[in-house]
Amino acid sequence: MSWSGKALGIPDGDQQSYYALEKVWGPGSHGTGVNGITYVTYGAHHAVVGFNEGVQLADVRSYSPDLHQITLADIETVLGKPDTVSHSAGSVIYAYNRGQYRLLWVFSESGSTVNHVDVQWPKGMVAPMAAE
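Using my numbering, the first residue of the sequence shown is number 269, and each one after it goes up by one.
These aren't lab readings, by the way, just hints derived from the structure by calculation. Here the structure is a predicted model, which is why all the values come from computation and not from measurement. Check each hint, because a few of them may be wrong.
[To be verified] Each computed EDC-like pair below joins lysine to aspartate or glutamate, with the alpha-carbon atoms no more than 20 Å apart:
| hint | residue 1 | residue 2 |
| --- | --- | --- |
| 1 | K291 | E321 |
| 2 | K391 | D334 |
| 3 | K349 | D386 |
| 4 | K349 | E321 |
| 5 | K391 | E321 |
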């Protein structure tokens with residue numbers, strides 16, 4: 269799923285440009301920007317996408333109900349142990365880094381199944397001016 273930069277429920281071929289995704293799904297609900305990334309919510313698709321100043325998708329989150337059946341044991345059976353485990357705002361985040369992508373499986377601290385999955389393109393999440 270994430271090793272090619274794709275997230276569950278996001279149409280194929282629309283992984284690079286927010287404009288391409290918007291052509292398929294229409295306009296979403298724009299949220300605020302964080303560190304140079306603008307986030308847009310697609311409630312009907314159970315997704316939040318973040319794009320950088322170049323309008324490249326850099327952060328794609330799926331809240332698909334299908335994910336809520338997946339346990340940490342299921343994930344570790346397929347992917348092995350996570351590269352890192354972190355805690356943030358009541359969540360436990362299991363991160364897997366492969367190539368140019370990072371896959372984050374996010375659980376609530378009190379839950380035993382996935383809350384959402386986040387596919388990130390770390391290179392795209394760096395503000396151009398910050399990289400210089």
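field: Contradicted hints - numbers only
entry: Violated: hints 2 and 4.
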